[in-house]
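Engineer: Okay, here's what each chain looks like letter by letter:
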Amino acid sequence: MENIYTLKKQNLISFIKSLNKSSDVYLPARDNKNNVFNFFSLKEIEEDFSFSSQNDKRYSMELIEKTRLSPKHILFPQYEKLLDFHYEKNPENIEDVKIELEVTPPERKSIIFGLKPCDVQGISRMDKVFSEGQFTDPYYIKRRANTVLIAIGCDTVFDDCFCSMVGGSPYNFDNSDIGLMETDGSYVVFVYTDKGEAIVENNEYLETTSDKEKVSLKSELKEKDEKSSKKIESMWPGTKYEDIPDIMDKSFNLKIWEKLTEKCISCGACTFVCPTCYCFDIRDEKDNKQGQRYRCWDFCTSYIYTLEASGHNPRESITKRYKNKVNCKFNYNYKRHGNLYCVGCGRCIDVCPVDMDIREIVAAILEESKVKDK
Amino acid sequence: MNQNRNINEKLISKVSEIFGQVSLVVGYCRGNSPLKVSPCLIDEKKDISNLIFNKLCINNLATYAYKLSKKVEGNIGMVLKPCDSKAIIQLCAEGLIEREKFRMITVGCSGIIDYKKILKEIGRQRIISLDIGKDNIEVETIDGKKSLSTKNFYAEKCYWCDISDNPLESDVFIENDDKLEVEKKDKYADIKDLENLSIEEIYSYWQEELGRCIRCYACRNVCPMEVCQDQCIVHLDYPNWESQMATAEENKFFQMIRVMHLAGRCVECGECERVCPQNISIFKLMKKMNQVIDELFGFSAGIDISQKTPLLTYKTIEENIEEEKLT
Chain A
1 MENIYTLKKQ
11 NLISFIKSLN
21 KSSDVYLPAR
31 DNKNNVFNFF
41 SLKEIEEDFS
51 FSSQNDKRYS
61 MELIEKTRLS
71 PKHILFPQYE
81 KLLDFHYEKN
91 PENIEDVKIE
101 LEVTPPERKS
111 IIFGLKPCDV
121 QGISRMDKVF
131 SEGQFTDPYY
141 IKRRANTVLI
151 AIGCDTVFDD
161 CFCSMVGGSP
171 YNFDNSDIGL
181 METDGSYVVF
191 VYTDKGEAIV
201 ENNEYLETTS
211 DKEKVSLKSE
221 LKEKDEKSSK
231 KIESMWPGTK
241 YEDIPDIMDK
251 SFNLKIWEKL
261 TEKCISCGAC
271 TFVCPTCYCF
281 DIRDEKDNKQ
291 GQRYRCWDFC
301 TSYIYTLEAS
311 GHNPRESITK
321 RYKNKVNCKF
331 NYNYKRHGNL
341 YCVGCGRCID
351 VCPVDMDIRE
361 IVAAILEESK
371 VKDK
Chain B
1001 MNQNRNINEK
1011 LISKVSEIFG
1021 QVSLVVGYCR
1031 GNSPLKVSPC
1041 LIDEKKDISN
1051 LIFNKLCINN
1061 LATYAYKLSK
1071 KVEGNIGMVL
1081 KPCDSKAIIQ
1091 LCAEGLIERE
1101 KFRMITVGCS
1111 GIIDYKKILK
1121 EIGRQRIISL
1131 DIGKDNIEVE
1141 TIDGKKSLST
1151 KNFYAEKCYW
1161 CDISDNPLES
1171 DVFIENDDKL
1181 EVEKKDKYAD
1191 IKDLENLSIE
1201 EIYSYWQEEL
1211 GRCIRCYACR
1221 NVCPMEVCQD
1231 QCIVHLDYPN
1241 WESQMATAEE
1251 NKFFQMIRVM
1261 HLAGRCVECG
1271 ECERVCPQNI
1281 SIFKLMKKMN
1291 QVIDELFGFS
1301 AGIDISQKTP
1311 LLTYKTIEEN
1321 IEEEKLT
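So the protein lines, in turn, are chains A and B.
The first sequence begins at 1 in my numbering and counts up one residue at a time.
The second sequence begins at 1001 in my numbering and counts up one residue at a time.
Please note: incorrect hints may appear among the correct ones.
[Claimed, not checked] Chain A stretches covered by chain B per the calculated footprint, using a threshold of three residues with CB under 8 Å from any CB of chain B: (1) 17-30; (2) 66-72; (3) 276-285.
Source of the hints: derived by calculation from the structure; they are not laboratory data.
This structure is a prediction, so every number in the text was calculated from the model and none was measured.
Cβ coordinates follow ideal geometry from the N, Cα and C atoms, glycine included.
Same shape as in the complex, but just chain A:
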């Protein structure tokens, strides 16, 4: 299924509002009061929201910049209740225990509007983790099935953008349900999936295109993609991203790791803003005979992450922890799922308190491994 429509720029707002009727629309908005720029649910901020930034409303939509947090929290919340439990014990017979469990799977239908292509790539990586292999995650899968992804191509490339270094590009709409390309007076709406078609079907603001137009719009998209990719200069010229996993394997014991990672302060800022970091912890909290099981984000740079009950910690030093983090993204998950688990959004670089730069670290490892090869 592939279809192409056009949407006049002045109709964008009405278009988004029409989507918000049957689903919850999430969109990138700046909270001008607190200077925070993240994905917000339109229904939650509607009262004090404007689509234009030239306004004194608290929230305003913005489609050019990248949000501070990745949109992963919409599909994989910071904390999430998995089940409620309640139990009764028979005082006469200790083996007689009654346990009641209650599971409430997420039902909400949502549309995420204004995703960057790297954000969509991030979500596609999450999909593989939670829905492939022996163990699948019903909560994520349910939520994901009810979510439509609308991406918008990037004409502006920021200091920390590096999608084209890890196999993406600023106009790559793979895995999106719908992709938007900005042209002079309108947006071109590329619909790639049935899910996408279902939400725009018969939408009064979209205009159909002829077969001839479709062909030329497709080639325009391709052209834009190639052109915008070139804006990003590779920090590892000469190395193909597919080759990085094997180089990482060979480089595991290089001494340089220590030098590259020793300034890390082991916080979780990079992990929590990352669109592909999926680690979580599961905990039970109970009060007397009832309570709940929930999961919450966890981060591998933390000392406690690998601390064992015995007191032994296999990744005691930050070097070991950070090396694992880089390998998780550039090696292990490539072998497991066939993709690098870094999509080049650069959010980790933006938020790092001590200016760690994953591009520089990978570049230094690639360089050092070449020296070693000689």
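For chain A, the structure is supplied; the task is to place chain B on it using the hints.
Structural biologist: Then chain B, alone, in the frame of chain A:
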């Protein structure tokens, strides 16, 4: 930027001089964007020339003091701004590090520019160049050039700083020809504003602020005084003091733990607020507690190595605490 070159040269030559006495130097190097500098740990003589010092050196490098003191054999040189040196003083006063192990290379400071304020002004953009002058900051982005008035872009702590040219403790002092010239601000102005609100308004203020915390622990980990982060009570399972559910309530509790833990210890470097990905104004909490400690005990952290933090010791009679009021 001549001034910068001058101070960089002085710094590099001083560090080269003492390099034999120390096996590692913690300093600032060029960062990954024109707006940022990066902390760097130098253990080879050839890398000393990478050191820089300019108005963007906002990190408090004393953050590394405690961990490195456990790890590094030999002495450690540390490039510090006069305000950062307070953290070293406080760590020494508490016996967490040994004064002899550190060579404090203190650089006179003409005020630090807060890159977050610049970003707020220009938006996140591709920055081509940045030139910070005495009066103006010239930023060139892909959208064109912009001139900002330097005096509005200093880090908040600079507006009440009175030790910029006069560190309380140092081994090597590098004088800066540039001096800090700012219009002084009241340190507690924002706290007063908050305290003028009703209880309900203050409650909803913090509900909103900490409601957006994602519990990344950057504030805790960047703090030079929070040395027990690997054994933090927040992560304890038995007893489970603190839920990992990042609700506003739990996040407030987490900050409460931090505030109590830093009572009389916080040296007000403001790093916690700087590193917050969600721009939560947690520095206010720290300042408030310090104000209370000052009122009760007449004590400020990071001033005197020989003075004990009031909550780490006791007096049989506290002059400013009326005991009958406590019961």
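Engineer: Are any of the numbered hints broken by this structure? If so, which, sorted upward?
Structural biologist: 1
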